[in-house]
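*Asks:* What follows is each chain in one-letter form.
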Amino acid sequence: MKRHPALKYFRFDRPGNPHLWCSGCGIPQVWYYTIKAIEELNLDIDKVLWVGGSGCTGRMCTYWIGDYFHTLHGRPSGFATGVKLANPELTVICHMGDGEVAGIGGNHLIQTARRNVDLVAIVVNNFNYGMTGGQFSPTTPRGAFTMTSQLGHIEYPFDLCELAVTCGATYVARWTTFHARPLINSIKKGIQKKGFSLIEVISQCPTQYGRRNKIGNGMQMMKWFKENSIRKKKAERMSKEELKDKFIIGEFVDIEKAEFGASLRELIEKRRRESGKS
Amino acid sequence: MKKIYVDENLCTGCGICIEFCPKEVLSYSTQRSLKGIYPARVENLEACTLCRTCELYCSAFAIAVEGEKDE
Amino acid sequence: MNKRILSGVHLFQGDEACVEGAIAAGCNLFAGYPITPATEISERLSWRLFDVGGIFVQGADELDSLTIVIGAACAGWKAMTATSGNGICLMQECIGYAAITETPCVIVDVQRAGPGTGVATKTMQGDVYQVRYGSNGDYSIIALAPESPQEMFDLTVEAFNLSEIYRVPTFILSDEIVGHMREKVVIPEKVKIVERKKPKVPPQEFLPFKVESDTDVPPMPAFGEGYRMPVSGLTHTETGSPSTEYEVQKKMVSRLWNKVEKKVEEITKIESACLEDAKVVVLAYGSVARSVKSAVLEARKNGLKVGYLRMITIWPFPDKVIENIAKRELKAIIFPEMNMGKIVRETERVAGKSTEVISFPKPGVELHKPKEIYNLIRRVI
Chain V
376 MKRHPALKYF RFDRPGNPHL WCSGCGIPQV WYYTIKAIEE LNLDIDKVLW VGGSGCTGRM
436 CTYWIGDYFH TLHGRPSGFA TGVKLANPEL TVICHMGDGE VAGIGGNHLI QTARRNVDLV
496 AIVVNNFNYG MTGGQFSPTT PRGAFTMTSQ LGHIEYPFDL CELAVTCGAT YVARWTTFHA
556 RPLINSIKKG IQKKGFSLIE VISQCPTQYG RRNKIGNGMQ MMKWFKENSI RKKKAERMSK
616 EELKDKFIIG EFVDIEKAEF GASLRELIEK RRRESGKS
Chain B
330 MKKIYVDENL CTGCGICIEF CPKEVLSYST QRSLKGIYPA RVENLEACTL CRTCELYCSA
390 FAIAVEGEKD E
Chain P
39 MNKRILSGVH LFQGDEACVE GAIAAGCNLF AGYPITPATE ISERLSWRLF DVGGIFVQGA
99 DELDSLTIVI GAACAGWKAM TATSGNGICL MQECIGYAAI TETPCVIVDV QRAGPGTGVA
159 TKTMQGDVYQ VRYGSNGDYS IIALAPESPQ EMFDLTVEAF NLSEIYRVPT FILSDEIVGH
219 MREKVVIPEK VKIVERKKPK VPPQEFLPFK VESDTDVPPM PAFGEGYRMP VSGLTHTETG
279 SPSTEYEVQK KMVSRLWNKV EKKVEEITKI ESACLEDAKV VVLAYGSVAR SVKSAVLEAR
339 KNGLKVGYLR MITIWPFPDK VIENIAKREL KAIIFPEMNM GKIVRETERV AGKSTEVISF
399 PKPGVELHKP KEIYNLIRRV I
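Chains as they are written, first to last, in the numbering used here: chain V, 376 to 653; chain B, 330 to 400; chain P, 39 to 419.
Among the clues, some could well be false.
[To be verified] Calculated pairs, DMTMM-like style, for lysine to aspartate or glutamate (alpha carbon to alpha carbon, straight line, at most 25 Å): (1) P:Lys289 to V:Asp419; (2) V:Lys383 to P:Glu233; (3) V:Lys645 to B:Glu353; (4) V:Lys645 to P:Glu233; (5) P:Lys41 to V:Glu649; (6) P:Lys248 to P:Glu227; (7) V:Lys422 to P:Glu78; (8) P:Lys301 to P:Glu276; (9) V:Lys377 to V:Glu464; (10) V:Lys383 to P:Glu243; (11) V:Lys377 to B:Glu353; (12) V:Lys564 to P:Glu276; (13) V:Lys564 to B:Glu372.
Source of the hints: derived by calculation from the structure; they are not laboratory data.
Quick caveat: nothing in here was measured; it's all calculated off a predicted structure.
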């Protein structure tokens, strides 16, 4: 029996068979896409660190066979910043859920983007807090039904990509779990980029969000992503009404900017030169 | 030599591979697995183009494709 | 200005001396947020660290600061943050995380009057329980209380060493008086530094949390050294695998607690004088000890048989030391603290059956005057 190629990089002594995510969940798909990106870039497993927070997406790092850093809810980017400063040679990949990154972790997100820390932040957006039972999150659309918006959600959601762009991220993209190939390419771009990259992945949570909003199971939700995604270039020519309830996918920003750790290391050099003179 | 393996101990019958295979190679088994669901099974191996979409999308890491495109 | 150890005689502010202690001990990263009365630590480190090839980061807030510190520590560096009581509140989640992941880090708390915003520019000793029990669940930490800028240097070095040996967050419980006062600080040529234990076996044989006994501290590889470290805040087994079993929780928590609490004798540092024939003993820590020494000196001049004991290590609390003091035939133990009476409760727990324990609380802003302590000694004796 040949094993699925993802299992080569998998820790089996962890909860679940082989993992704890629900049938049809998008998170294991993103897990494999990350593996593909690492493989296609020929990265050394021992130099790749996966960082996660708390929650379904946060658990991704605990199955990675290399070093992993399973941190606090919403705070992976803070911990990852510390790691990168102490060892800039490591490739640091943060997997965070929409709930944690845009809620409790909001400040960490905007500060890390503003500082332009060399990290890849893969944000799995399944529109709710999945692990705790499907409560609404800062990306839950208005009108949706969740365990804490059982009468219909009244809050407005964040556009995570717009937020990241405004904060100064150097590479921002959005795809869905359906768009595997462009997503893998974006992850590769993000890894190679010397700066803060944010890749939002619209993902299915069939057990909570999909069920409560009558969208369907994992497969049906992926069909829904496929049928309701519009590429950025096309979306620019469409009206607001036409774009209602659609997912705008593509790359939003791809720029170069001085990176946080590199700039700090320059200060060490600066002091060295100055003290050499005196 | 192309071959597709479905591990019935892992497959959860989510149907994603079946739905998105561009050549309709896979279908639901008519027999329940020990997990109590109808797992995916290979219906039409001939039609497989080794695109590996099923591997990409499998959310249970239960499917594996053997064979290279240029063989 | 590239030396780590600024040996010589200096006139330093407590906060400045703390910086020099950190750098001498090998600190490579500092992340902190401006907060009175600890801001001077950030400000000095913001150029001094770059001098020695380290990195200074101003955190977006206190908890951002501690996440960066813990991240750097897990990647192999010695790292520190500094704040005051309000900042420690914000850091509690991360303190618990550092405790369960056994990450060495130093947290300087230059205490100020509280609760809440309190009086930023005045002193207090209000955080003594917060640093020990502030986070959720059970774990242990080490806390040292300096009484002078010299000790701000010495104890910061000690804190780094202890934190590397025991793999716990280690606190410097300073206060605004000690942090802001200027005094002579002598920095020696060499300083004793302890590096963290690294694995002696290759990665294939290494089990990240495998120990021989429940007071053991496992070796700590850094990320990127090939050991494929599983670092997680979940309760874990010796392989780092998360678990929901009672036996795993019991084993892990017991070791996190015992690795420090059962090593009290090795860790404890105290300073005492005039105890042999004392009828009354005055306990103290931090800046209060300065007034106590003055008062005891005055009392002895006037023939009063009084002694003092200063706790340099507050946590783990030195049970045996206090028990032994109480067993002598004392009239009373007097304990002045700049709070409503906190460590006096630990003292009562241990010494209360043998002798009377008298709390002398002054809940912040003003230090006990030597005369006040002297008058109390007089009344009690």
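*Asks:* Now tell me, hint by hint, if it's right for this structure.
*Replies:* Status of each hint after checking the structure:
1. P:Lys289 to V:Asp419: violated, 35 Å
2. V:Lys383 to P:Glu233: violated, 35 Å
3. V:Lys645 to B:Glu353: violated, 63 Å
4. V:Lys645 to P:Glu233: violated, 29 Å
5. P:Lys41 to V:Glu649: Measuring from Cα to Cα gives roughly 14 Å; hence the hint holds.
6. P:Lys248 to P:Glu227: Violated - the C-alpha atoms of Glu227 (chain P) and Lys248 (chain P) are around 38 Å apart, more than 25 Å.
7. V:Lys422 to P:Glu78: Answer violated: Lys422 (chain V) to Glu78 (chain P) is near 37 Å, above 25 Å.
8. P:Lys301 to P:Glu276: Distance of about 22 Å is within 25 Å: holds.
9. V:Lys377 to V:Glu464: Outside the cut-off at roughly 34 Å; violated.
10. V:Lys383 to P:Glu243: holds, 19 Å
11. V:Lys377 to B:Glu353: Holds, because 21 Å separates the two Cα atoms, which is no more than 25 Å.
12. V:Lys564 to P:Glu276: Violated, at about 37 Å.
13. V:Lys564 to B:Glu372: violated, 37 Å
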